[in-house]
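Protein chains in written order, with the numbering used here: chain A, 1 to 331; chain B, 1 to 321.
It should be emphasised that the hints constitute simulated quantities derived from the structure, not laboratory data.
Here are some chain B residues pointing at chain A (derived, C-beta under 8 Å): (1) Glu37; (2) Leu92; (3) Ala105; (4) Ser138; (5) Leu293; (6) Gly295; (7) Gln319.
Chain B is faced by these chain A residues, among others (derived, beta-carbon under 7 Å): (8) Pro11; (9) Gly116; (10) Ser130; (11) Gly148; (12) Pro151; (13) Arg152; (14) Ile317; (15) Val326.
Owing to the predicted nature of the structure, the values given are computational and were not obtained by experimental measurement.
Ideal placement from N, C-alpha and C gives every residue a C-beta, glycine not left out.
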Amino acid sequence: MPAKDLAKSPPEERLVNLVVALMATEQGITKDAILTSVSGYREQSEAGASKDALEKMFERDKEALRGLGVPIETLGERADPDDLREARYRVPTSEYVLPEDITFTSAELALLNLAGGVWSESSLSADARSGLRKILALGIPVDEPIIGYSPRISLRDPAFPALQQAIEQTKVVRFSYLKPGEDAPRARRVQPLALIEYEARWHVFGNDLDAGAERTFLLARIVGPVEITREAFPASLRADAGEKALAGLEEVAARNSALLEVNPGTEAALRLSRRATPAEQGIRLPFVDIHILADELASYGPEVRVVEPPELRAQVIARLEAALHVHGGAR
Amino acid sequence: MNARKPLVATDRAQIMLQLVPYLIGKGEVSITEAADEFGVTEAHMRAMVEKLTVIGLPGDGGYWQMANDLFDIDWDLLDERDIIVITNSVGLERAPKLTAREAAALLAGLQVARAIPGVGDSGIFTGLLAKLARGASSTPADVIVVPAPVDEVRSTVARALRQHVAVSFTYKAPNAEATTRTVDPVKVHMASGQWYLQGWCHLRESMRTFHLDRVSDLELTDIRIAHGEDPVPAWFAPGTAGDVKVRLQFSEEAASLLQDYLDRATRETTDGVTIATIRVADEFSLRRLATRLGGVGEIIEPESARRAAAEWAEAGLAQYR
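Go ahead and model the full structure; you've got the sequences and the hints to work with.
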């Protein structure tokens, strides 16, 4: 193999070579050994690259691989754990690979295939696909696919990826949040704990550090980017966060309900009756967010009338009046 | 959030780390199939496979690697028949654990699948949740999806799909009289909490899509389905395209409320005010949008849609006077 061709080998080759080398060792290899023997570093060593530059490259590569979920272990010098000159590095196979005892039945694979297809165009689509690929690489025969259903989750909120990353890394986030009825967005500092899609809208559940309490925020009301700060929070806060978030929303829905009169046979009747229960005067509809429900009810125009609560009634009337105001005259 | 962003070196390394177990799991696979699976071009897949053959264990004691220390492929099969077979591997044979994000994406997808009547039993789901949790390299973020409740209509449609029989129901399309339909069910699309049934309509004698919220008096028939294998036209969320051209004006803050409508819109923004041109199926659908927006958005034209919006708001308000 002529060294000339390899001197400029692409970084992905170096990264993969590094993984292979680190997995092949039980007792670990030192940085020096890596820089002089692993293909990708070695050629640059021999071409006269400075040790300093190579070490920096190794540090970056290590971080990149950890970011991909490759568990690189550092075995430090016993006498002085901070002295990394004699540190040895390795990737424990048992932590890197899918555990040997995890297998999937072909019925389970069929279900995972259906589950992996729900994300359509969103960023989670690539993640689902890549996860499926790893499972399919176990070489298990796939059952007949489940046909007849095409479930989709829509995920267009630009805030989602940063919030998900912050939850994984247990980092506090900062974002501007526009509460309906307020004139300007207000800055929030939040320990994000779970993301939850409820009534086809994405929410983030977490601890609002300024309010000193648990809060659920609608992603659609986050204005501008979500900043992930360096401030960490204990991972233990994440335990059961999803269940807590769901219980919280369900509790709100159980507490709030609207009494509505709907005109039979209309769009409003079709859309609302499925979610409501019959009441003496019309139907009773549980809701989570009064502003979102007011938006929906306003869209039905004369097809629905709000009996109570009064705040909802006022909000629907306000929307109808504003819509009449802007569309009332000729332009 | 575009899935087709350019790959950086780390992405390419990730693909190569997955490529080895995939190829070994497959035994032999065509360039086309592998490229498709990884979402790359055939040329890119071929280049990656060729690259694999210079990857391997470190050389021993200052010597270059021996052939056995490197991955190798069957070059004849690749050159002559575009087929990939790994003939020597030096590690990476077993698939890596899932990343937290991969596990989260599948776990959330399973919650959606679970809501479909008759798909998998709860034992399968519980087992899968545990396997995915154990197969992840770190704890996935809780991503919870709460599917819309399954009512009588939805579960009956699911039963018809399983039993391969037609359903009959009353259908109330917007701005049209109710009709009675008999339909061979082919596919159920579930999006944003809504279910849409795609199937062969005996009345119209062609494939049609029905919004299940507009369906009532649904019953199973004993008619075996005859058109279950017919090609299904590509599916679009209703109300996203049409012949009526509309111009809509709104402030930037209102844009997120309009997401569904703006997918296919052309937009122009000056001084924080956006004018979007969208196409809709009928101008009456816009009066609903206008009152929903409650003044933060305005229909500029056509004039008839403006007037319809004003009348719609006025009729709504009349109920409260």
